[in-house]
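Asker: Please work from the sequences and hints to get the whole structure.
There are 2 protein chains.
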Amino acid sequence: MKIGIVAASSRFARERADAVNDWMERTYPDRSVSVVFHPSSFAKHGHFSGDDASRANAFVEYANDPRLDAVWFARGGYGSCRIAEAVLPQLTDVARAKRYLGYSDAGSILALLYKAGFPHVAHGPMASDAVRHDETAHRALNWLIKGDPASLEPSLASDPRPAVAFNLSILDALVGTALEPDLTGHVLMLEDVSEPLYRIDRMMFHLTGQASIRKVAGLRMGRVSAIVENDPDFGLTADEIARYWCARSGIPYLGAADIGHDGDNKVVPFGPR
Amino acid sequence: MKIGIVAASSRFARERADAVNDWMERTYPDRSVSVVFHPSSFAKHGHFSGDDASRANAFVEYANDPRLDAVWFARGGYGSCRIAEAVLPQLTDVARAKRYLGYSDAGSILALLYKAGFPHVAHGPMASDAVRHDETAHRALNWLIKGDPASLEPSLASDPRPAVAFNLSILDALVGTALEPDLTGHVLMLEDVSEPLYRIDRMMFHLTGQASIRKVAGLRMGRVSAIVENDPDFGLTADEIARYWCARSGIPYLGAADIGHDGDNKVVPFGPR
Numbered sequence: 001m002k003i004g005i006v007a008a009s010s011r012f013a014r015e016r017a018d019a020v021n022d023w024m025e026r027t028y029p030d031r032s033v034s035v036v037f038h039p040s041s042f043a044k045h046g047h048f049s050g051d052d053a054s055r056a057n058a059f060v061e062y063a064n065d066p067r068l069d070a071v072w073f074a075r076g077g078y079g080s081c082r083i084a085e086a087v088l089p090q091l092t093d094v095a096r097a098k099r100y101l102g103y104s105d106a107g108s109i110l111a112l113l114y115k116a117g118f119p120h121v122a123h124g125p126m127a128s129d130a131v132r133h134d135e136t137a138h139r140a141l142n143w144l145i146k147g148d149p150a151s152l153e154p155s156l157a158s159d160p161r162p163a164v165a166f167n168l169s170i171l172d173a174l175v176g177t178a179l180e181p182d183l184t185g186h187v188l189m190l191e192d193v194s195e196p197l198y199r200i201d202r203m204m205f206h207l208t209g210q211a212s213i214r215k216v217a218g219l220r221m222g223r224v225s226a227i228v229e230n231d232p233d234f235g236l237t238a239d240e241i242a243r244y245w246c247a248r249s250g251i252p253y254l255g256a257a258d259i260g261h262d263g264d265n266k267v268v269p270f271g272p273r
Numbered sequence: 001m002k003i004g005i006v007a008a009s010s011r012f013a014r015e016r017a018d019a020v021n022d023w024m025e026r027t028y029p030d031r032s033v034s035v036v037f038h039p040s041s042f043a044k045h046g047h048f049s050g051d052d053a054s055r056a057n058a059f060v061e062y063a064n065d066p067r068l069d070a071v072w073f074a075r076g077g078y079g080s081c082r083i084a085e086a087v088l089p090q091l092t093d094v095a096r097a098k099r100y101l102g103y104s105d106a107g108s109i110l111a112l113l114y115k116a117g118f119p120h121v122a123h124g125p126m127a128s129d130a131v132r133h134d135e136t137a138h139r140a141l142n143w144l145i146k147g148d149p150a151s152l153e154p155s156l157a158s159d160p161r162p163a164v165a166f167n168l169s170i171l172d173a174l175v176g177t178a179l180e181p182d183l184t185g186h187v188l189m190l191e192d193v194s195e196p197l198y199r200i201d202r203m204m205f206h207l208t209g210q211a212s213i214r215k216v217a218g219l220r221m222g223r224v225s226a227i228v229e230n231d232p233d234f235g236l237t238a239d240e241i242a243r244y245w246c247a248r249s250g251i252p253y254l255g256a257a258d259i260g261h262d263g264d265n266k267v268v269p270f271g272p273r
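Line by line, the protein sequences are chains H and A. Anchor point for the first sequence: position 256 equals 256 in our numbering, and the numbering is continuous, going up by one each time. Anchor point for the second sequence: position 33 equals 33 in our numbering, and the numbering is continuous, going up by one each time.
Be a bit skeptical, because a hint or two may be false.
Where chains are identical, the list cannot tell them apart; a pair therefore holds if satisfied intra-copy or between any two copies.
Result set (SDA-like, lysine to any residue): computed pairs, CA atoms no more than 25 Å apart in a straight line [to be verified]: (1) Lys44 to Pro232; (2) Lys146 to Glu135; (3) Lys215 to Gly250; (4) Lys215 to Gly185; (5) Lys2 to Gly46; (6) Lys44 to Val228; (7) Lys215 to Pro252; (8) Lys215 to Asp182; (9) Lys44 to Ile227; (10) Lys146 to Gln210; (11) Lys44 to Arg243; (12) Lys215 to Glu180; (13) Lys115 to Glu135; (14) Lys44 to Leu236; (15) Lys115 to Pro29; (16) Lys44 to Glu229; (17) Lys215 to Val60; (18) Lys2 to Ala247; (19) Lys115 to Ala211; (20) Lys2 to Pro160; (21) Lys115 to Ser212; (22) Lys2 to Thr27; (23) Lys215 to Val94.
These aren't lab readings, by the way, just hints derived from the structure by calculation.
Answerer: Below you can see the structure in the form of structure tokens.
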């Protein structure tokens, strides 16, 4: 089992890759499972881990490589929306059969893969944050290796409807674009990090104001963490904001989702299970 | 000439209203032009200048009041998207005939008024920031009083096409919702403040990715000021970001616009002139 890791967004530090490699060698001393970082993951182009062409080429190369069983996103930040449309037409049937795991900014590519009918796309821990916690890394790898149901967000066990999960800021920035998948009838899980609550409110206004999003089966709010201070206090919590906009837009609010920018982030495979 | 001022967004300080009143009394000692603040402008409800119902009622009351000749937004911040849809059906023909001036967060209401066919809606200085500079305040008042062409953004003099102007963050958060006007054939001017460049890029991806926005006649980028530091340096300026996404989406880039979160902010009346 060999997993290819690609950096499609912000700069990625070689020291972080070393930590991932060390963890993998300790955990799988027989190398029954191994990872390989695309060499261009460490390139630097302004904000990004290499320019758009370099990041797109790295993703395409690893996705299409028959020696790799899965593709894992290195980290988030910002940048995958810039390359998603260029990547898709270059992907082969080899790419289509693989598992893809990431979240946060990686959601832009995951959205387009799901829209294109890729069957094994999931929102979950990325390489760089998973290996900070054994439990998180095992959860991610067990899904990448075998689609382990124990890795999944717990509400999925009792809700048979198709699901997706996104960082709110990322989904909010792709609705109406070529990346937006049809989420009709899906349970939509959201999470976010490092935003003031007035922005969470504004994004929920925008997202729940889309005709396309009003067709979801329901919404679950994951963790909204590291909230940036709002002065004065916003007056509503993230959960209250979600409930308000769901009520106003007619979207059923289904409760909490066990996802977020943290070690407890569970895996949410896109679509039916 | 009497102008009603309403706070539709964030909290508004009474001291700021006192400064506006002082400036008006010094400038128009004969009270040929005067302003009146809606009493509920100073209410506080968490982040907002009163709860949604109170802000909506204040706007409707002043818009429909035949004793007032124009409506001026007090300030921006956040909150007018929450009340715009509730306001519109309550507005009468008296409201329809008036001039409306504001920008930044007020863009959410201005967008819906323009969508509803209100003929005198403009992006320009608000009460609270205009009176910090004589020139800014005169520019705003001269448009509110008589639609003075000297107040207008200079490119409008030689470009006969209909125009609109928005804060990028605000327009980005209303595309696809019930507030979005049809901007086919319009020159679209944008400005923003206090954002890191990766967010400017992400918003431009989203905005220029909308089928509706790809129908504009062209785009002008106003000032993007008080840019929040991006570590590492983003690698593109706001102008380069605008040119990139225009080229990618097929929207003609028309150059700079003389608008922004500053005293030089010119007036852009929505639609044909």
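Asker: Of the hints stated earlier, which fail here?
Answerer: 5, 10, 13, 15, 17, 18, 20 and 23
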